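Each chain, written out:
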Amino acid sequence: DAGVIQSPRHEVTEMGQEVTLRCKPISGHNSLFWYRQTMMRGLELLIYFNNNVPIDDSGMPEDRFSAKMPNASFSTLKIQPSEPRDSAVYFCASSFPGTSGPFQETQYFGPGTRLLVL
Amino acid sequence: KQEVTQIPAALSVPEGENLVLNCSFTDSAIYNLQWFRQDPGKGLTSLLLIQSSQREQTSGRLNASLDKSSGRSTLYIAASQPGDSATYLCAVSPDSNYQLIWGAGTKLIIKP
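The listed protein sequences correspond, in order, to chains R and V.
Residue 1 is where the first sequence starts when you use the working numbering, and the numbers rise one by one after that.
Residue 1 is where the second sequence starts when you use the working numbering, and the numbers rise one by one after that.
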């Protein structure tokens, strides 16, 4: 398996523009997670999906952020409009079905998208 | 509120040494603890996952221990190599349905 795939790997945009990040989880995984990593705040969970359904989006910072998972093999994280403080590395991760809960199993991370908003 | 701390923030050792990375957590009621490795510009790779009922897990030269009562986990790396240079993060899951609580990581440099 190719692992979790994210695109683009790097994105530079200007403030106010729309940014869309994409993720393809590992086939057979039914939990998908979006994280943001910054030097100041470390790793933060933004949202996670289970069986394509958003379960917890309490980490999404503002209404400017939205995420979708239209099917088991694709998810997007959209920022509209983008702001300089959104600059960070955004990771997507996926995990196998767990018998107890989505955080029971090992998470497999993608390479991340490094976003810079000018 | 669960907090996870990793000390030191950075560590530099000569190649070949055995070393220990530390992770402490404030609430002993955890579901599992995981150790991850992050290489510069790359994603995180899971190294070891220890369930709350386990005391340790081993993978190759890596051994992770868990002491819930003291709120500590250690990652032991035997015979360190330059390729082990990376940032190591630990993460605690308070519950199988609750998100991971992350430490800030220890940046490890192995000098040839």
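Quick caveat, the hints were computed from the structure, so don't treat them as lab data.
From a predicted model like this one, the values you see are computed outputs, not experimental measurements.
Even for Gly, the Cβ is constructed at its ideal location relative to N, Cα and C.
Among these hints, one or two may not hold up.
Unchecked claim - Away from chain R, derived, C-beta distances all over 10 Å, residues of chain V:
#1 Gly43
#2 Leu49
#3 Asp84
#4 Ser85
#5 Asp95
Said to hold, decoys possible - Label-pair ranges, simulated between beta-carbon atoms:
#6 Ala78(V) / Gln80(R): 28 to 34 Å
#7 Asp27(V) / Arg64(R): 30 to 36 Å
#8 Leu118(R) / Ser70(V): 44 to 50 Å
#9 Arg41(R) / Asn18(V): 42 to 48 Å
#10 Pro8(V) / Arg64(R): 34 to 40 Å
#11 Asp67(V) / Gly3(R): 31 to 37 Å
#12 Asp67(V) / Gln17(R): 21 to 27 Å
#13 Asp95(V) / Gly3(R): 24 to 30 Å
#14 Asn63(V) / Arg41(R): 26 to 32 Å
#15 Glu62(R) / Val20(V): 24 to 30 Å
#16 Thr106(R) / Gln2(V): 15 to 21 Å
#17 Glu18(R) / Asn18(V): 46 to 52 Å
#18 Ser70(V) / Gln17(R): 31 to 37 Å
#19 Pro70(R) / Ser69(V): 44 to 50 Å
Comparing the hints with the structure gives:
no. : hint                             : in the structure
1   : Gly43                            : 4 Å, violated
2   : Leu49                            : 5 Å, violated
3   : Asp84                            : 19 Å, holds
4   : Ser85                            : 18 Å, holds
5   : Asp95                            : 7 Å, violated
6   : Ala78(V) / Gln80(R): 28 to 34 Å  : 49 Å, violated
7   : Asp27(V) / Arg64(R): 30 to 36 Å  : 33 Å, holds
8   : Leu118(R) / Ser70(V): 44 to 50 Å : 47 Å, holds
9   : Arg41(R) / Asn18(V): 42 to 48 Å  : 33 Å, violated
10  : Pro8(V) / Arg64(R): 34 to 40 Å   : 37 Å, holds
11  : Asp67(V) / Gly3(R): 31 to 37 Å   : 33 Å, holds
12  : Asp67(V) / Gln17(R): 21 to 27 Å  : 49 Å, violated
13  : Asp95(V) / Gly3(R): 24 to 30 Å   : 27 Å, holds
14  : Asn63(V) / Arg41(R): 26 to 32 Å  : 30 Å, holds
15  : Glu62(R) / Val20(V): 24 to 30 Å  : 41 Å, violated
16  : Thr106(R) / Gln2(V): 15 to 21 Å  : 20 Å, holds
17  : Glu18(R) / Asn18(V): 46 to 52 Å  : 50 Å, holds
18  : Ser70(V) / Gln17(R): 31 to 37 Å  : 49 Å, violated
19  : Pro70(R) / Ser69(V): 44 to 50 Å  : 46 Å, holds
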